[in-house]
Amino acid sequence: MSERPPISPRSPRAALEPEQVPPPPRRSDRARNPFVVVGNAIITLLLLLLIGAGAVYYYGRQALEKPGPLQEDKVVNIPARAGARDIAEVLNREGVTDVNPWIFVGSVHALKAAADLKPGEYAFQKNASLRNVIATIVEGKVVQHSVTIPEGLTSEQIVARLSDNDIFAGSVREIPREGTLLPETYKFPRGTSRDQVIQRMQQAQKRVLAEIWERRSPDIPVKTPEQLVTLASIVEKETGKPDERSRVAAVFVNRLKQKIKLQSDPTIIYGLVGGKGTLGRPIKRSEIVQPSPYNTYVIEGLPPGPISNPGRASLEATANPARTRDLYFVADGSGGHAFTETYGEHQKNVARLRAMEKQTQNDTVELDEAPPVPNAADPAAVSSTPKPPTAARKPPATRAARPTPSAPAVQQ
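Position 140 of the sequence shown, counted from 1, bears residue number 140 in the numbering used here, the numbering being contiguous throughout.
In case anyone wonders, no lab produced these hints; they're calculated from the structure.
Some hints could be false.
[Stated by the list, open to error] 25 Å max Cα-Cα, derived DSS-like pairs, lysine-lysine:
1. K206 with K223
2. K118 with K74
3. K261 with K348
4. K358 with K261
Using the sequences and the accompanying hints, generate a full structural model.
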């Protein structure tokens with residue numbers, strides 16, 4: 001049996017006193033090592049950083065992915081030279097985002113897109129998230145504005161249209177040569193320089209003209225692409241209905257082959273006003289025989305250059321005209337033309353047009369001669385002088401006959 005330690009009797013007072021707690025064990029020399037202390041601090045700091053990074057990632061992801069406040073699709077202009085914070089303020093002001101600008105800046109850096117933000121007009125979708133908003137700006141898919149240049153305008157008129165359009169920037173240094181611009185519908189982002197627009201139209205015209213020239217009919221009486229453009233510009237100005245282009249072209253091609261003067265009124269106008277394009281009044285009889293390099297009532301063959309910028313359809317029609325023997329055409333009263341091979345048939349069509357115009361004018365006169373009964377109580381109504389009857393407006397591209405030194409292709 002093991003011996004138990006002897007029990008020492010204690011007095012009542014000693015039994016009531018608390019026992020002394022032994023002192024804590026002395027820390028080892030290793031625990032007191034400064035490298036251990038620093039290491040523990042570093043580990044603690046890393047843990048805190050990891051926890052903080054996790055929280056930032058979680059909330060950052062929520063900020064990037066949650067739907068934005070935009071209630072409907074909207075186009076917003078990001079100005080040039082705007083920094084990330086400036087862009088954030090623009091987006092907040094336009095209601096695309098509703099985050100603190102610094103959150104936007106942080107998101108941009110987190111997505112490594114700080115150097116890829118591009119200015120321009122952007123279309124943001126309804127409820128676009130912050131990630132989608134940044135991606136849209138980074139991709140640079142700016143809004144494209146459609147600009148339509150009608151066929152048959154002169155280069156001066158086209159430049160005037162570009163100057164009046166506020167989506168373009170800068171000015172045109174010089175008016176392009178007539179016939180070197182392709183009328184068409186183009187798309188440009190806001191801020192495109194007007195010189196760039198002109199260059200694109202010129203490049204398009206060269207490409208289209210080269211393609212059409214390769215497919216031209218071998219028996220058309222033009223020797224160069226430039227002459228094709230010149231003839232097409234006359235066809236463009238003379239065409240009343242799109243489906244008449246190839247037949248109008250055939251009339252002028254047939255006249256060139258037979259060495260008959262083209263006698264086209266738009267060439268007279270171009271010789272008088274040049275690039276302005278419109279005379280603003282009827283052609284005078286004296287101007288029909290007035291010498292001009294462009295007046296095809298006076299000169300033989302083609303004028304020295306185009307009188308407008310013809311479109312693709314007129315170029316195609318001129319390069320491959322209809323196979324007819326027509327030499328004349330005159331307005332038919334409906335916006336189109338009546339085509340004939342002989343001058344006698346042409347004169348009948350002219351007489352028919354005259355009769356239609358006379359009937360229209362008579363109808364207008366009858367309407368003017370039957371005014372409403374004036375109110376006797378109104379002195380101004382009683383004493384007013386009747387106005388002379390006004391001629392009825394002609395439909396687009398109609399032709400009115402007039403005597404000329406020889407039989408013209410187009411009676412005006």
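inquiry  = With the threshold set at 25 Å, check whether the alpha-carbon distance from K206 to K223 stays at or below it.
reply    = Status holds; Cα separation ~17 Å.
key: Pair hint outcome, K358 versus K261 [Cα-Cα no greater than 25 Å]   = violated (29 Å)
message = Check the hint pairing K261 with K348 against an upper bound of 25 Å on the C-alpha distance.
response = Holds. K261 to K348 sits at ~21 Å (cutoff 25 Å).
task = Below or equal to 25 Å on CA atoms is what counts here, so check K118 against K74.
result = Satisfied, since the Cα-Cα distance of roughly 18 Å is no more than 25 Å.
Figure legend: structure checked against the earlier numbered hints; the only hint not met is number 4.
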